[in-house]
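Student: Taking the numbering used here, I'd label the letters of the sequence shown as residues 7 to 632.
Hint data in this document are derived by calculation from the structure and do not stem from the laboratory.
From a predicted model like this one, the values you see are computed outputs, not experimental measurements.
Taking lysine-lysine pairs in the DSSO-like style, the calculated list, with each CA pair at most 30 Å apart, reads:
| no. | residue 1 | residue 2 |
| --- | --- | --- |
| 1 | Lys98 | Lys168 |
| 2 | Lys98 | Lys370 |
| 3 | Lys370 | Lys41 |
| 4 | Lys246 | Lys205 |
| 5 | Lys406 | Lys572 |
| 6 | Lys370 | Lys50 |
| 7 | Lys98 | Lys109 |
| 8 | Lys280 | Lys205 |
| 9 | Lys306 | Lys227 |
| 10 | Lys572 | Lys553 |
| 11 | Lys306 | Lys267 |
| 12 | Lys227 | Lys246 |
| 13 | Lys246 | Lys280 |
| 14 | Lys378 | Lys402 |
| 15 | Lys402 | Lys472 |
| 16 | Lys378 | Lys406 |
| 17 | Lys280 | Lys267 |
| 18 | Lys205 | Lys227 |
| 19 | Lys370 | Lys472 |
| 20 | Lys41 | Lys472 |
| 21 | Lys378 | Lys98 |
| 22 | Lys406 | Lys41 |
| 23 | Lys205 | Lys109 |
| 24 | Lys280 | Lys306 |
| 25 | Lys472 | Lys572 |
| 26 | Lys267 | Lys205 |
| 27 | Lys267 | Lys227 |
| 28 | Lys378 | Lys41 |
| 29 | Lys168 | Lys205 |
| 30 | Lys402 | Lys370 |
| 31 | Lys406 | Lys472 |
| 32 | Lys168 | Lys41 |
| 33 | Lys378 | Lys50 |
| 34 | Lys370 | Lys44 |
| 35 | Lys168 | Lys109 |
Across the chosen pairs, the derived CB separations fall in these ranges:
| no. | residue 1 | residue 2 | range |
| --- | --- | --- | --- |
| 36 | Gly192 | Lys370 | 30 to 38 Å |
| 37 | Thr277 | Lys41 | 57 to 65 Å |
| 38 | Asp99 | Leu582 | 56 to 64 Å |
| 39 | Gln315 | Glu351 | 49 to 57 Å |
| 40 | Asn318 | Ser140 | 14 to 22 Å |
Where a beta carbon is used, it is the ideal one built from N, C-alpha and C, also for glycine.
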Amino acid sequence: MARMSLPLDLIVDITSTSVKDTFAIGKLNTLAIAKYDKNNPQPKFQEAHTLSDVISVYGLDSEVYGFASVYFGVISKSATRADTLYIYNWSKDDVAPFLNGAKIALLEDIQNLSGGFELSINGVTARVEVEFNSITSFSEAAEVLQAAVREAGIGLSAEQEKLFSETSVIYNPVTQGFTIVAGTQGDGTSISFAQPLSKQINEVTESINDINSFDNPLILKYDESYTFNFVGLPNDVTFKITYNDANAIEQYIPLTLIGNKLTITNDEITTLLKQGATDVELVINDPDSDNAGAAPREVKVSITLDESQVANIYNMLGLTQEEGATSEQGYNGLENISDVLADIEGNNGNYYVLTTTFAFDNVKEQLHEFGKFLHTSNDRFLGVYSWNNAAIVSTKGFLKEFHGYNGLVIDYQTMPYQQGLVCGYISAMELNNPSGNYNIAFNDATLFSGNALTETQQYQILTENKANAPCKFGILGQDDTIYMDGTCMGSKTNSINIYCANSFIKMNQQIALFNMFKSQKMIAVRGRQTQGVVRAYLDDVFSKAVKANIICRGATLTTTEIQMIKGTFVDYVDDLDELIRDIENNGYFYAVTNFDLVNKTMNIIEAYVANTPAKKIIVNIYILGA
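Work out the full structure, taking the sequences as your base and the hints as a guide.
Tutor: Okay, here's the thing in structure tokens:
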């Protein structure tokens, strides 16, 4: 018998509840914890719906692919299969923000590109100018791009320059695009998508002897402004720029002289370029006021407009959101599995089964952390760990120290990624609308059958250790018949199928109760009229479970089971013998009890016969509102 709280916080009124949307689901999805790969950086949380999704992100050589290839391949007897896999990328080190570029189809697309873009790291923007110069491979292109990014910070403060000088760029063969990893790590760090080049105005200052000392032609560039400081200058001299516009009409721009300083602004240069100016000249008029106008003169200097500029290639390298790139912020690393599990719980995602794609470094220590987390989650999560330790099937009591952790499934691993098989079984179940003979006693007819257990002694030790493994032979059941034929996982009392059955019932109850309080907002634990409403919703859950063959009708309870049931319901049922007949005939019985109108709480006590390879009585007590 298990006493637990449904993970529905304070169901007393919809306005004061904190019901996680996680429970309005149709399947018990799996989250697989994977090791963060610095050569293929990915977000902390990811979601995949097919094996192709996984391949496109993680490739064919990753642990995630190995797991997913098994997980998505499991098909139940009712022809359902898992359709969602969540992935948590665990890094013990602080993670740098990164920009994952989109696929670049052909090397020729970038081979001779020359230009620039802007990139921001931690809000500091720098100008990246790159010339690929007939590079011969994508990896060579990544090296050239990395050099350009690292040079982009030159001229910034030492701290800001470091953001760029320590940035790395790789060509990712999995995603077939460039990945830029910033030179900073941890929470709050960021990197932008590639941005268009903004106009950067360079200020040019030049000393000049007199009005006859200008370069001729005088070259004015599109991204510069000019200041000329005269050493000697006649009185009353004036300056202007004359030109013909696009319509061949003569125009001029007066220039202002302040003291001995003449400025030609970038706006004035931009005006000339926009108007398509031709025959541009700097015209200097000296009235010779110093000599009473005796020898006035006009000096003309030819002007050449240089509009050459760095090409904007920000959207040609797969580094923009529009092209399909993704930008991820950095985050702090987590040293312990317990911290990882807390992070996963806080994310409030649509997953129920937790597992890893890798073996723990310190298995027993980390299994205890895993087990404690699962146990205290009050059945919010179920955890699966595949362990290839032969002691599981050779040493009685080897796993005894883990037996107290409700929700921890230890799987004796006979082949790689066997945990994907276990999780695939659970996540293949349809929860919302089961119909027909929905059989969760999954059989392992092909996958892993070559490595399934065949030694009776090994199997007996396995079941005593309350572990699971693929099995290839029948086991004698309570009624002296063979009930397990090729079924994967466990004994009649500790089978993964028991977890499946119990999970099915509990999650359906959670969905029903959540929907009840969500749709009927006036209902709350305010009076006994609530009992009838709750019973109506629970009746629907149990009747569906019977129709779906999750709950077995017509089972004969053992003496031990009968005594346990009577001991559980003695305070709530007058005719205990009738209760036993009810369970045997209908497959289940439950009571809504202990109404507390002060604290607004109530209990659900239930017993049902799970139709796994062996029929097993399940008893749960839930506290609503506590």
